[in-house]
Amino acid sequence: MFKRLPDNFATSCLRGSGQVFFQENAATGACFLLAIFYASYAGGQWSTSIGALIGLVVSTLTAYAIDRRDNAIGAGMYGFNGILVGVAVPTFLVAGPVMWFYVVVGAAVSTVVMDAMTNVVSKNWGVAASTGPFVLTTWMLMLAAYSFANVGIGGMGPPRIAHEIAVAAPGIEPGEAVAIVFRNIAQVFLLGSAVSGVLIVIGLLISSIPAAVAAICGSIIALAGALWFGADPASIKAGMYGFSPVLTAIAIAVVFIKSSAKVALFALLATIFTVIAQGAMDALMSPFGIPTFTAPYVLAMWLFTLPKQALVPHPHSPDARSKLSTGS
Amino acid sequence: MFKRLPDNFATSCLRGSGQVFFQENAATGACFLLAIFYASYAGGQWSTSIGALIGLVVSTLTAYAIDRRDNAIGAGMYGFNGILVGVAVPTFLVAGPVMWFYVVVGAAVSTVVMDAMTNVVSKNWGVAASTGPFVLTTWMLMLAAYSFANVGIGGMGPPRIAHEIAVAAPGIEPGEAVAIVFRNIAQVFLLGSAVSGVLIVIGLLISSIPAAVAAICGSIIALAGALWFGADPASIKAGMYGFSPVLTAIAIAVVFIKSSAKVALFALLATIFTVIAQGAMDALMSPFGIPTFTAPYVLAMWLFTLPKQALVPHPHSPDARSKLSTGS
Amino acid sequence: MFKRLPDNFATSCLRGSGQVFFQENAATGACFLLAIFYASYAGGQWSTSIGALIGLVVSTLTAYAIDRRDNAIGAGMYGFNGILVGVAVPTFLVAGPVMWFYVVVGAAVSTVVMDAMTNVVSKNWGVAASTGPFVLTTWMLMLAAYSFANVGIGGMGPPRIAHEIAVAAPGIEPGEAVAIVFRNIAQVFLLGSAVSGVLIVIGLLISSIPAAVAAICGSIIALAGALWFGADPASIKAGMYGFSPVLTAIAIAVVFIKSSAKVALFALLATIFTVIAQGAMDALMSPFGIPTFTAPYVLAMWLFTLPKQALVPHPHSPDARSKLSTGS
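Protein chains in written order, with my numbering: chain A, 1 to 328; chain B, 1 to 328; chain C, 1 to 328.
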């Protein structure tokens with residue numbers, strides 16, 4: 001759609017933003033940043049936007065410092081975990097010197113973990129590390145906050161033993177459903193704003209129409225599944241049951257090159273499994289008082305791409321550049 | 001003992017049943033199904049038998065749909081995880097539309113996980129996935145039940161923090177001990193009936209006398225160990241301390257081809273370690289309110305077959321057909 | 001510094017002791033044993049010293065029994081996990097027949113796990129198993145103690161849900177700080193004595209001055225980090241925030257051959273991350289009532305050595321003998 005911009009620090013960072021949704025595209029990444037800024041503006045809390053920028057810059061700089069694979073850096077493979085760390089830390093922890101230190105150290109470590117995890121899952125098993133480094137790094141930061149008095153816990157926990165829930169989600173109004181579908185997409189960036197979800201879809205349309213379609217289909221399937229399973233209504237409305245299935249739907253349906261009825265069914269199964277995995281990991285994380293982040297997606301994506309590794313190109317891996325997305 | 005029956009859907013399913021105890025043998029698998037039916041008849045609850053059949057059929061059909069390795073399907077490599085999912089779900093969850101959806105989705109996913117896990121543990125590390133896919137898939141289903149109001153929890157939980165137990169198991173009467181030895185074996189299929197254990201041993205004798213001997217020896221060692229360690233008497237009597245050690249004993253003692261005093265000692269160590277791992281995982285799963293399933297066996301089997309991978313044939317792997325069991 | 005002593009059972013065991021700090025050096029290992037004996041003498045509890053000797057002997061004998069790689073045995077690669085199991089079990093569990101059985105079985109299993117884990121992490125990923133086998137084996141033993149009435153729990157637990165701590169650590173007196181720096185080092189062997197820490201540093205100086213320097217630097221960084229983060233003062237004073245970072249500092253700073261400012265910065269990041277991982281794993285283990293052992297170090301070491309596996313020699317792996325330490 002656009003001519004690919006040259007690799008430099010700015011485009012590496014912007015593509016890092018785009019890679020959160022597998023898009024090696026600077027314009028897409030800019031739209032995603034806009035979605036983050038809008039949520040900060042709407043919620044009146046700018047620390048997540050500042051964190052996003054710091055995370056993006058620090059993780060990309062760390063890649064320059066420790067790594068020589070410039071292709072991967074230029075494709076944004078070291079920015080997408082860092083930007084997510086940078087949004088997550090201020091979302092769940094109280095601002096303060098140690099919290100900002102957390103953002104910087106977490107972003108730097110996410111790049112190390114990206115290299116580490118890639119060496120295991122990509123080189124040995126042929127699948128993508130994807131947001132696994134973000135999940136692992138941020139879990140460590142969040143858990144440690146319970147041990148450190150100088151890191152205040154804001155928007156998560158408290159740790160508690162999970163218990164069976166008895167009240168099923170009531171029906172959802174059509175208008176409400178539309179907002180949830182976009183909020184599911186926004187929550188990939190930990191944003192609770194449906195408008196941010198619309199901005200993200202616009203960003204996806206710039207680089208890949210199939211990815212945008214898969215995101216919306218995945219979001220609708222996740223909403224229907226969560227309602228039918230009887231998940232917690234507040235969580236459904238906040239988009240917590242949708243962000244991982246959205247990523248799974250894109251990863252499985254769009255990454256499989258030769259689309260067919262069979263691949264669509266496979267992606268459907270993977271997306272439904274991701275809704276179950278979200279419910280499972282909510283219960284699993286409950287005694288620890290930390291969010292699942294995108295772990296349900298990472299698990300589902302690994303399980304559903306490992307079987308067909310020979311057939312699947314992985315644009316989200318540092319060692320392979322996307323052939324699906326148009327560069328910009 | 002019998003001529004090997006040709007590969008078709010029925011024999012693939014029956015061998016899938018037999019592979020729960022590593023036996024690529026349709027007659028053995030039929031005996032195992034009989035053991036499940038008997039337990040349903042004795043307990044007056046047929047949902048586990050229905051679940052077993054659905055799990056077996058769906059997981060095997062999924063393998064046909066996504067996979068081309070007909071040898072592995074014909075050997076029953078895609079049925080044994082599905083049948084266990086199909087028995088486990090109705091055992092622990094309340095019957096209802098979502099529960100039966102769980103059985104179908106869980107069985108289909110178990111086949112995907114089988115392929116995924118095989119690509120990791122067999123192709124990279126040279127060990128068998130064995131019942132790992134059943135454990136992982138069913139853990140997800142069970143955990144998610146705590147988040148979903150439309151899936152009622154029946155026979156497990158509630159989640160609670162583990163605590164030190166103070167009362168050691170009292171001595172066991174000789175007659176009681178015999179029943180426990182067979183109940184340990186029945187619990188591999190999550191069955192509480194000693195008669196089912198006898199039927200399973202008969203099934204084993206059809207295909208492999210060493211496997212039957214190892215099963216009984218493993219069961220006796222597990223009972224002795226659990227008593228000496230002072231495990232919970234009710235758990236011991238229900239066979240909960242025996243099913244994983246039984247599988248470990250067969251896997252290590254019978255899979256090592258050249259039997260010797262040293263291999264017997266190695267299998268003894270592995271079996272004792274499995275009893276400890278069962279106690280450990282009971283404490284580990286306690287805050288989550290879910291059963292260990294065969295995870296203690298899977299852990300022990302991986303740890304004790306990884307060192308000698310070059311020497312060990314793995315009949316339980318999809319890529320290698322058993323040379324130990326007589327086909328039927 | 002000394003002529004390398006020939007490989008025999010005694011030197012294999014002594015080097016096994018030395019390998020806890022990556023030192024293939026019998027004299028160093030003897031110093032470490034002295035540090036254990038001193039702590040027993042000072043605390044009036046000899047069960048840990050006896051456990052250490054049993055663990056060292058049993059794990060090394062098990063290696064002779066199951067393994068042919070005499071080079072690795074002679075280098076002490078099968079003793080260091082066993083000695084740690086042998087110290088840990090009597091430290092946390094009440095003495096009795098099952099506890100001593102635990103020491104013997106745990107030490108034997110640690111050798112099996114060493115071979116198993118090496119086959120995965122060294123052969124497939126190019127990193128060292130290090131104390132991973134000790135951590136995994138001892139976690140199983142400790143967790144199972146909650147299920148077994150005949151294994152009394154002494155110095156750990158009770159399991160409890162983690163909660164946010166509100167009181168930051170107060171400042172530390174300079175004299176107190178020096179004691180903590182050495183106690184951090186002693187806690188690698190689970191010893192609470194600063195004098196034992198001094199004996200360990202002496203042992204390190206015999207074989208590798210860089211390792212001794214890295215140990216002390218890592219200990220100081222860990223103390224500063226834990227204080228700044230606001231970790232629990234009692235844990236800081238007991239050395240609980242230092243033992244894993246000490247190991248990380250040595251592993252990353254000394255194992256990277258060509259030292260430079262960049263490698264020093266990388267080791268600094270790894271050491272700080274290990275302090276965070278210690279806080280995280282304390283919260284993670286809390287509901288299970290078991291110690292982290294050296295898991296924070298193992299995680300950090302794997303994450304920070306995986307990226308540069310091609311550049312890093314791993315003297316701590318059974319398949320590669322140290323070229324850094326002088327043999328004795």
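Wrong hints could be hidden among the right ones.
Lysine-lysine pairs mimicking DSS-like chemistry, simulated, CA-CA at most 30 Å apart [as the list claims (entries may be wrong)]: (1) Lys-3/C / Lys-123/A; (2) Lys-123/A / Lys-237/A; (3) Lys-262/B / Lys-123/A; (4) Lys-123/C / Lys-262/C; (5) Lys-262/B / Lys-123/B; (6) Lys-262/A / Lys-262/B; (7) Lys-123/C / Lys-123/A; (8) Lys-262/B / Lys-262/C; (9) Lys-262/C / Lys-123/B.
I should point out that these hints are in silico values taken from the structure, not numbers from a laboratory.
(message) Run the distance test for Lys-123/C versus Lys-262/C: straight-line Cα separation, threshold 30 Å.
(response) Satisfied, since the Cα-Cα distance of roughly 28 Å is no more than 30 Å.
(message) Between the alpha carbons of Lys-3/C and Lys-123/A, is the straight-line distance 30 Å or under?
(response) Measuring from Cα to Cα gives roughly 42 Å; hence the hint is violated.
(message) Lys-262/B and Lys-123/A were given as a pair; does the straight-line alpha-carbon distance stay at or below 30 Å?
(response) 37 Å, violated
(message) Would the hint linking Lys-123/C and Lys-123/A be met if the CA-CA limit is 30 Å?
(response) Roughly 13 Å separates the two Cα atoms, so the pair holds.
(message) Would the hint linking Lys-262/B and Lys-123/B be met if the CA-CA limit is 30 Å?
(response) 28 Å, holds
(message) Hinted pair, alpha-carbon criterion (30 Å max): Lys-262/A, Lys-262/B. Please report holds or violated.
(response) Violated, at about 50 Å.
(request) Decide if the proposed pair is consistent with the structure: Lys-123/A and Lys-237/A, CA atoms, cutoff 30 Å inclusive. (result) Violated, at roughly 39 Å.
(message) What's the verdict on Lys-262/C and Lys-123/B, does the C-alpha distance respect the 30 Å limit or exceed it?
(response) 37 Å, violated
(request) Would you mind confirming whether the straight-line C-alpha gap from Lys-262/B to Lys-262/C stays at or under 30 Å? (result) 50 Å, violated
Checked against the numbered hints above, the structure violates hints 1, 2, 3, 6, 8, 9; every other hint is satisfied.
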